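Enquirer: Residue numbers (this note's numbering), protein chains in the order written: chain A, 512 to 680; chain V, 180 to 283.
Hints were generated in silico from the structure; no laboratory data involved.
This structure is a prediction, so every number in the text was calculated from the model and none was measured.
Note that beta-carbon positions come from the ideal geometry of N, C-alpha and C, so glycine has one too.
A portion of the hints provided could be inaccurate.
[Said to hold, decoys possible] Residues from chain V shown here face chain A by an in silico Cβ test under 7 Å; the list is partial:
1. D194
2. S198
3. G203
4. G239
5. A273
6. G281
[To be verified] Taking lysine to any residue pairs in the SDA-like style, the calculated list, with each CA pair at most 20 Å apart, reads:
7. V:K271 x A:K650
8. V:K278 x A:L676
9. A:K667 x V:A187
10. V:K262 x A:W663
11. V:K262 x A:S673
12. V:K271 x A:S529
13. V:K233 x A:L604
14. V:K271 x A:K542
15. A:K542 x A:T558
16. V:K278 x A:L604
17. V:K233 x A:L520
18. A:K554 x V:K278
19. A:K542 x V:L186
20. A:K650 x V:E230
21. A:K542 x V:K278
22. A:K542 x V:K262
23. A:K554 x V:E230
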Amino acid sequence: TGGHTTEILRLLSCLSESYSPRHYIFAESDKMSEAKIRSFEQKRSETFSDSQFTLHRIPRSREVRQSWTSSVVTTLYSILYSLPLTYKLKPDLILCNGPGTCVPVCISALLLGLLGIKRAIIVYVESICRVETLSLSGKILYHFSDYFIVQWPHLKEKYPKSVYLGRIV
Amino acid sequence: FRFKDSLAEDLWRADLVISHAGAGSCLETLEKGKPLIVVTNEKLMNNHQLELAKQLHRDGHVLCCNCSTLVETLRSMDLSTLKPFPPGQPEKFALFLDKVVGFQ
């Protein structure tokens, strides 16, 4: 969604073309991300001729301030949806930055890893907006990601297993 | 004006920006090197939205006020005290990721 998409595209801006093909997964209800992604990839294809990417929409796992119990139900529904998608894509690397959409995808990837089907490296970058506290996605994925990156020193102190590289967006 | 695709052009022409504490608004403004006054409303906002505004204020990049103190802030402000906001470094992330993945 919105700010998350802008941030993740900035994260991608300096990656080499070895990170290809890129599969973008975002919420069904998200109207603006597709345009931002296409614009980013369009520019990229001007430099890298063989640029490949795909777009996928999944049901939104949770609306802002949705209640706990209903969030569990909608997240489970999103996992049911993202599991076959993740199985199909079999990513080597998952990069996410905090929208609720990333939790079902990462859980699916973890399941596929546990089942011995495909082990993906999960890299989570907490949003630049998070200076003192982690987002809910962050709190969950802090324990399940391979690399958890924060952008402010206070968070590095609070979450010692995290990686601090300074501001990267 | 409600949902323009991009405020980039308006930002480019502005001498001063007064904004809510949304991260996108703040960062986009600071990156264009425009002076920024952030108006916060602690009652309405998510707690976390304030975090970035507070940090930017602590670091001297923005002026902060609330709706009732805005006029006073505008009267007494000294924009020369604002510090420039250095851009983020996604290249550091690329280097890190290359190591993680094994592309050296």
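Enquirer: With reference to the structure, classify each hint as holding or not holding.
Expert: Each hint, compared with the structure:
no., hint, result
1, D194, "25 Å, violated"
2, S198, "14 Å, violated"
3, G203, "5 Å, holds"
4, G239, "15 Å, violated"
5, A273, "4 Å, holds"
6, G281, "10 Å, violated"
7, V:K271 x A:K650, "24 Å, violated"
8, V:K278 x A:L676, "13 Å, holds"
9, A:K667 x V:A187, "33 Å, violated"
10, V:K262 x A:W663, "18 Å, holds"
11, V:K262 x A:S673, "29 Å, violated"
12, V:K271 x A:S529, "17 Å, holds"
13, V:K233 x A:L604, "34 Å, violated"
14, V:K271 x A:K542, "30 Å, violated"
15, A:K542 x A:T558, "27 Å, violated"
16, V:K278 x A:L604, "13 Å, holds"
17, V:K233 x A:L520, "25 Å, violated"
18, A:K554 x V:K278, "26 Å, violated"
19, A:K542 x V:L186, "18 Å, holds"
20, A:K650 x V:E230, "17 Å, holds"
21, A:K542 x V:K278, "34 Å, violated"
22, A:K542 x V:K262, "35 Å, violated"
23, A:K554 x V:E230, "33 Å, violated"
When each numbered hint is compared with the structure, violations occur for hints 1, 2, 4, 6, 7, 9, 11, 13, 14, 15, 17, 18, 21, 22 and 23.
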